[in-house]
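S.K.: Residue 35 in our numbering sits at position 35 of the sequence shown, and the numbers go up by one each step.
Treat the hints loosely; a few may be bogus.
Taking lysine-lysine and the BS3-like style, the derived pairs with C-alpha atoms no more than 30 Å apart in a straight line are [unchecked claim]:
id, residue 1, residue 2
1, K29, K45
2, K91, K161
3, K27, K105
4, K146, K9
5, K80, K9
6, K27, K177
7, K63, K9
8, K156, K89
Across the chosen pairs, the derived CB separations fall in these ranges [unchecked claim]:
id, residue 1, residue 2, range
9, K104, K27, 24 to 32 Å
10, A73, V103, 29 to 37 Å
11, V40, V121, 27 to 35 Å
12, A5, S51, 22 to 30 Å
13, N24, V175, 30 to 38 Å
14, K104, V17, 30 to 38 Å
15, A65, K105, 37 to 45 Å
16, V175, H96, 19 to 27 Å
To be clear, the hints were calculated from the coordinates, so they are not data collected in a lab.
Ideal Cβ positions, reconstructed from N, Cα and C, are used throughout, including at glycine.
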Amino acid sequence: MVRAAYVEKVVDVPDGVQVTLEGNTLKVKGPLGEVERRFVHPRLKMTVEDSQVKVYCELPKKKEAALVGTWEAHVRNMIKGVTEGFEYKMKLVYSHFPVKVSVKKDQLFVENFLGEKHPRVAKILPGVKVKISGDTITLTGVDKEKVGQTAANIEKATRVKGYDVRVFQDGIYIVSKGG
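My request is simple: use the sequences and hints to build the entire structure.
M.R.: Here it is, written out as structure tokens:
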């Protein structure tokens with residue numbers, strides 16, 4: 001099989017967004033905030049020039065060629081985060097016991113879940129804003145990974161263990177992932 005001599009992906013940087021590369025750390029600053037991420041690989045390289053971010057590899061193996069596309073997707077998500085932001089909507093579902101949800105500092109407390117005496121706690125990662133309105137929880141932020149991980153933390157904290165999930169459908173579930 002013939003191997004490609006060079007693989008390159010280019011991401012255009014829109015107006016109003018600043019991208020800087022310091023060593024292995026890419027910083028993206030836009031109207032909604034700032035995101036930074038480290039990109040470390042011995043053979044892959046990244047450059048920022050003329051409002052473009054280039055990710056490339058010379059004589060790549062199959063995995064390295066795939067990783068070029070992965071890095072490109074990460075850069076696109078960083079740019080999208082600082083321009084549009086990311087939003088996850090979650091729905092609170094309960095049947096027998098009325099559940100109370102509250103946010104204190106960097107934790108989300110779910111009280112009276114399945115009638116339990118102690119509240120269940122989910123960690124909210126820094127940079128993620130949580131808004132509770134009725135039975136809908138909205139998570140917003142500029143970093144896609146942090147917003148998604150916070151949603152996963154909340155969903156995991158309210159997972160029902162030891163009961164038939166077809167009967168006990170209580171919990172907080174991700175309804176939509178918007179970008």
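S.K.: Is K27 close enough to K177, meaning Cα to Cα at most 30 Å?
M.R.: holds, 24 Å
S.K.: Verify the CB-CB distance for K104 and K27 against the hinted window 24 to 32 Å.
M.R.: holds, 31 Å
S.K.: Is the straight-line distance between the alpha-carbon of K27 and that of K105 30 Å or less?
M.R.: It holds: about 26 Å lies between the C-alpha atoms, which stays within 30 Å.
S.K.: Is 27 to 35 Å a correct range for the gap between the Cβ atoms of V40 and V121?
M.R.: holds, 33 Å
S.K.: Would the pair K156 and K89 pass a check requiring their Cα atoms to be no farther apart than 30 Å?
M.R.: This hinted pair holds, its Cα atoms lying about 15 Å apart.
S.K.: With respect to the beta-carbon atoms only, verify the hint that N24 and V175 lie 30 to 38 Å apart.
M.R.: Check passed, 37 Å falls within 30 to 38 Å.
S.K.: Taken at face value, is the distance from the CA of K9 to the CA of K63 at most 30 Å?
M.R.: Roughly 15 Å separates the two Cα atoms, so the pair holds.
S.K.: Are the Cα positions of K146 and K9 separated by 30 Å at most?
M.R.: holds, 25 Å
S.K.: Starting from the range 22 to 30 Å, see whether the pair A5 and S51 falls in it by beta-carbon distance.
M.R.: holds, 27 Å
S.K.: If I claimed the Cβ atoms of V175 and H96 lie 19 to 27 Å apart, would that claim hold in this structure?
M.R.: holds, 21 Å
S.K.: So does A73 sit 29 to 37 Å from V103, Cβ to Cβ?
M.R.: For A73 and V103 the Cβ distance comes to about 31 Å; the hint holds.
S.K.: Would the pair K29 and K45 pass a check requiring their Cα atoms to be no farther apart than 30 Å?
M.R.: holds, 21 Å
Violated hints: none; the structure is consistent with every hint.
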